[in-house]
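Asks: Take the two lone chains and join them into the complex the hints point to.
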Amino acid sequence: MAAASCGREQGASMAALARLQERLEGLREEYFLTNRAIDEDRKRKYKAAVKIQRWFRACRVQVCLRHLTKMVILIQKWWRGYLRRKHFREIVERAYFIKKLKFYNEMAVRIQKTWRGYYVRKYIHNFYALKKYLKAVSMNNEFVRHELQEYTEMKENGEKMKDLEKKDKEKKYQARKMHYLLSTKQIPGIYNSPLRKSPDPMELLLRKSKPLTHRKQPVKSPFADELYGWPTCKEPPAFVTSLPLLPADRRKPQGPFRDPAEVLRQRYKPLEPTLRARESMYSAPGKAREPTRREEWRNPIHDNEFLPFSSYHKNYEKYEPSLFKSDKYGQGAYGTKYFREVYPKKWIADKDFETLFPSIALFEKFGKTYSSTGQIV
Amino acid sequence: MSQRQVLQVFEQYQRARSQFAQAVADFAARPQSIDTLRSAGVVCLLRPLLLDVVPSIRQTAALALGRLADYDVELAEAVVKAGILPQLICSLPEENRYYKKAAAFVLRAIAKHSPQLAQAIVQSGALGMLVICLEDFDPGVKEGASWAFGYIARHNPELSQAVVDAGAVPLLVLCIQEPEIALKRIAASTLSDISKHSPELAQTVVAAGAIAYLAQMIPNPDAKLKRQVLSALSQIAKHSVDLAELVVEAEIFPVVLTCLKDSDEYVKKNGATLIREIAKHTPELSQLIVNSGGVAAVIDCIGSCRGTVRLPGIMTLGYVAAHSENLSMAVIVSKGIPPLCVCLIEEHEDHIKAAAAWALGQIGRHTAEHARHVAVANVLPTLLDIFVDTCSSEDLKVKAKKALKNILQKCTYLPALEPLLHEAPPSIMKYIIGQYSKDPQASPSKTVWILFFCLIQPDTVSFGICHNSF
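Protein chains in written order, with the numbering used here: chain A, 1 to 377; chain B, 1 to 470.
Chain B extracted, bound-state conformation (with noise of 0.2 angstroms):
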């Protein structure tokens, strides 16, 4: 009879283990009820659960951590405070595949807030631990793993180092091989976050095999996976020119254009920064984009968009008529110049525009026919107006005057220029009137009207220039 109550005082500890391990998990699942379990010191309460003789409760103890953890930063802190770490990691690779998952899931958790945070997390040793999980069978493990990866490696170099050591790359371009689709995404953004910081982490990706097997599921027609495999690329390639060819020899060229026609605009915008990775290195590189018609695929992607989405496409322009002449005229055959104009006039926020303006001067700044076709299309008024705006940026202001210095000291089609005369500001003006003086057919009323503007300004570039025209 004792042995029956006895066992009996067994069951029901258990019991309550269980049930409270689960009301917590419950619990921490709602925001309102955080706090009250904050005060009641829940951390030190569910640290002995973790190394409960029961597996189900150690499970609930670990995803209720993992669930107050993801709330706050505080209660991240906390955790890692109470020792948790050691406990959580320790018995691991004996663990069963729901264990490990609330785990990973923990250390994600944590790891998110900060990059102390994730600092600590590496140091307790969980990244050997996390590495093990990618290599378990279950794919809600992996992806497990492979997300607090990615949220480890996010904040800076050296922990993206860390990860790399612990010989991450390889596992998560398997990964990236399987046929489940959160897995796939989750492992290509942890890529993206691994080569986001320097050229040697892109290069090991690189090393790993990624761009081939990344390369290949762009066509894919789940839309959050293509942002993950466009920012993962675009990262890779922004470093270096060896690497942005190694991207483009993977044959993203035609297949990469239906990503900026794609209805997601995330996905769009991503495409767009790809390009623009690839086309601001060289203008070899720039001149494959042009023949390939992605200049034409950029600039609709522009006209459709709105907002931030933009700013990578208008870029791209910019710098593929940087590098030479004939790619500023080819842009403007493609009709490159109203979109940005309208980007212009149109958008609110200045460094959209400021992008705008220095696209629209790296245009117009190589000859006098690149300075005509932009001043035809009206655009030195604008620029003008936002230069002289005073509620406009510094930023802008300045990208402004230079566009318009560029494209001024060009251009000679004078009617586009005469609108600028009645409004110019003095540092503007010299430019202006530099241009009519050098024009041999220019008027008597003009010459009239040009000395008027030097005999105001007194002071020796106008006269270097009253000089030069008579």
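Just chain A, same shape as in the assembly (with noise of 0.2 angstroms):
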């Protein structure tokens, strides 16, 4: 019995089994479905969960944040409005002052352009003083050119006569070296032609001149013959040459007064310097005494320079021996110390000549005595 239970139980089993094991190849995939399914389901649910937490907890949040900023907003309005109503009288006077300054400085700039402008025009680049000094100028200057035409003229003027004095002279002097062509009572001279009403101006210059003498011999000055002449003046000094003459009838001068004629020569006396000086060497009489000059020159008769001082000879003087005194030890002694040899060698006797007469004793002192210059007395 068991057994059969048994093996119908095992073959409802069996069955069963292979009833499952169709079913498992779709079982599987339903498994596989539903779950997918509910998987599925359950993501949905859950992002429509998160949704509705999420949109809830920005509606909160939203709500926390405007009340917060209406706050804010609030506060700082306030706030502000406080600020700028504290520093709105600042501004409003700042603004003000600006608006004066700008308005008095377009006024300050009205005033000082018509002052400037009056001033420069005025006192500057004035028009009128500027018209007033050109005038001035031309004025002077019409002035100027008058004073130099005056000048010029003047100058002209002077050149004109200068130059008619000069031909007037000319003329003066030919009328004078021609006087012998004067008319006589006889015979008319040729100015004075018989046929003319009237003489001939030149007949009346000669009737005025006086005749010429004859010409002097030019006095040559001292001066003439330099090579360079006396400096501005053409004459040379004046030397007084002729005494000055006094009035004839003068009175006699009372008083201890010499004559006056030998005052005035004596004070009038020319100069007179040495032949040396008183010609230059290259005048005529100068050169004629050129050779003995040269004579002099030639042959002085001092022949020693002038010595500077008294002593001088004495360092620079020195006496030189002749040839025929000097041996070998120096100056022989004779001539200076004795002048006669003495032999005593030759001597036949052992004494010298003996004096028969004194010696005059004046002579006796000759090259003995000496004085202070040391000249021999």
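Hints listed in this document are in silico derivations from the structure and should not be mistaken for laboratory results. Since this is a predicted model, take the numbers as computed values, not measurements. The reader is advised that the hints may include incorrect statements.
Lysine to aspartate or glutamate pairs mimicking DMTMM-like chemistry, simulated, CA-CA at most 20 angstroms apart [unchecked claim]:
no.	chain 1	residue 1	chain 2	residue 2
1	B	Lys-335	A	Glu-262
2	A	Lys-155	B	Asp-222
3	A	Lys-135	B	Glu-423
4	A	Lys-208	A	Glu-170
5	A	Lys-169	A	Glu-153
6	B	Lys-402	B	Glu-423
7	B	Lys-224	A	Glu-170
8	A	Lys-122	B	Glu-418
9	A	Lys-132	B	Glu-284
10	A	Lys-155	B	Glu-325
11	A	Lys-155	B	Glu-265
12	B	Lys-335	B	Glu-369
13	A	Lys-160	B	Glu-423
14	A	Lys-252	A	Glu-262
15	B	Lys-410	B	Asp-389
16	A	Lys-131	A	Glu-142
17	A	Lys-132	B	Glu-369
18	A	Lys-135	B	Glu-325
19	A	Lys-131	B	Asp-264
20	A	Lys-162	B	Asp-222
21	A	Lys-132	B	Glu-325
Label-pair distances were calculated between CB atoms; the ranges are [what the hints assert, rightly or not]:
no.	chain 1	residue 1	chain 2	residue 2	range
22	B	Gln-409	A	Phe-127	35 to 41 angstroms
23	A	Ser-138	B	Glu-349	44 to 50 angstroms
24	B	Glu-94	A	Arg-298	19 to 25 angstroms
25	B	Ile-345	A	Lys-167	37 to 43 angstroms
26	A	Tyr-151	B	Leu-288	46 to 52 angstroms
27	A	Lys-155	B	Glu-245	28 to 34 angstroms
28	A	Lys-167	B	Gln-22	38 to 44 angstroms
29	B	Thr-367	A	Ala-108	28 to 34 angstroms
30	A	Lys-167	B	Ala-223	18 to 24 angstroms
31	B	Glu-135	A	Tyr-151	46 to 52 angstroms
For every residue, glycine included, the Cβ atom is placed at its ideal position computed from N, Cα and C.
Replies: Structural data, given as structure tokens:
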């Protein structure tokens, strides 16, 4: 029995197993599908839940924030209003001040503009003063031109006068030279032709002029032969050549006065320099004396040059001994210490000649007494 | 007997020497015989005669050497090379005045040729000797010495400085005060040569007190003296404002104007030069000249002269007008423009024309009024002709163009500009058109004309002018 039941059970179970096994394939798939559906469902729900929660939380936070923002705005509004109201006054004052300043500047510019224009036109670039100045300049120019014109005219006149005078002088000189052409009573001169009504002006000039005397030898001034004339003067210095004449009827003055002629002669005595100074070596007499000068140069009397000091010769003048008197050991004594050679060996007697007469005392002193300057007395 | 014969030989020798020296001196005075003398070796033969015993031979030898050196540079160099200078000056202080004069003549004849020869003279120590000559009493010696100084100082500043260092300037100022006219002339000319090189040298001359004496000599009737004095004063005044003021303080002003009317041309020229040197420094000095009537005198002087004598006068007007517009107006009022215009037309020399063009430019450049006066005098066509002319020099063309430019930029007097429109080259035309375009009352015919011109010249300037006028 048990075995049959077991067998039936086994057979049922075998059939169930086969049926399960058939469904197994589909079961897997079913299982999978169901799980998938559940999973998806779960995910969907999860997401929906998250969404709802998010939304809600966001609303809560937004409400909080909105509240905060409103508060912040309120605070800031009140604070800023307060600050601005505090500084408003200052701003207004400042703006007002600036506006006033601008206005004043404008007005000051206007005043300065007018003043400067006036000042410049009146004092610096004064048009009328410039005009006056230019007029003054032109008047001054006229004046200067006039003066200069006068000056040139004066100079020209001066020159013309000089020319005329020169010509006049020449004419007069010619007339004086040709005085012999003057007409006499018998013979009319060449300038006084009888056919003329009145004589020629030259004739009148001849009548007026003095005849020319013989030309004196031109007085050769002592300085005429110099290479360069005496500085500015054309004539030599005016040495007085003739005495001034006193008036003839002059009464002799009372008192211890010398004869005036004598005094004048003494006073105006001409300078008489030495011959050497009076004439130069280039004048004619000077040249004539040239040979004597050369002679003098060649044959001076006094050969010694001028010695500056009296004892000059003592140091520099040395007596040069003659060749005859010098021997080996210097100058011999002959001629200076004694004038007579003495040879005692040749003496017959052993004494020198004796003088018969006593020597003259004065002659004994010769060569023995000296003056203070070393000269032999 | 033999003594006399010996002496006779010496006498003959001396006579021969003397005759030789005299003859050479006479021949040296004639230019045709100098070449023969040179080839005969005359310089070496004259050298020992300079140290001869007899004074007259020394003098004649020195005179002959001076005439030889005077003739020619080569002879002067030969004289220097032959070593004559030391012998010439070694015994100078003890010599008599004729020798000193002849020695000064030699030195001057050598120094005049070139700076190197003058340097050789300075190096041989001749300056000290010349100063000794300047201290001499004889006016002829002083004249020779100062002439030599003048020729030495003429060449360059170093030589001038050497002359000043030798102490010549106070002595020269003393020479100026001497009564002899020739000495005054030479001393003035030497001072002029010294002071022309640099301000320091001029200052030295002024410090010696020269200005007062020079100013006193301006009214002197001698023409050559006046030339030198005016030249000296102008060389002093040209260097700086202070020196010019010192010269003016010496009260030259009305007196100098009489020099501008002198009959001698060079006196006029030097007088105008002096005024120019004073006028060019500052407006105040120019004002002084205008106030004393100097401008009128200068204008008359320009009108009466011809040639280079006019040049300093023209430059004076230019300088005076350049300083300020009031002075320029003063020049115009003194009738300065017609003589300048005449100068431009008449003169042949380019540099005088250039100076006249420059002066007109300076007068007309200040304001419209000045430009109008210049334009009315019919100067602009002349300037344009000069600018366009092919045979004018570069300098003249540059100056004419500048003058035209300066005047045209201020000229609003349109009738004077019309004749220029036909002939002007483009560089001038732009200024003329510029002036037309600035005119608010230009007539329609003129605007057409301007347009025509602008169209031919498509450069930016004319474009700008077109834009400006429409």
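Asks: Mind listing which of the numbered hints don't hold for this structure, in increasing order?
Replies: Those not satisfied are hints 1, 3, 5, 7, 8, 10, 13, 15, 19, 22, 23, 26 and 31.
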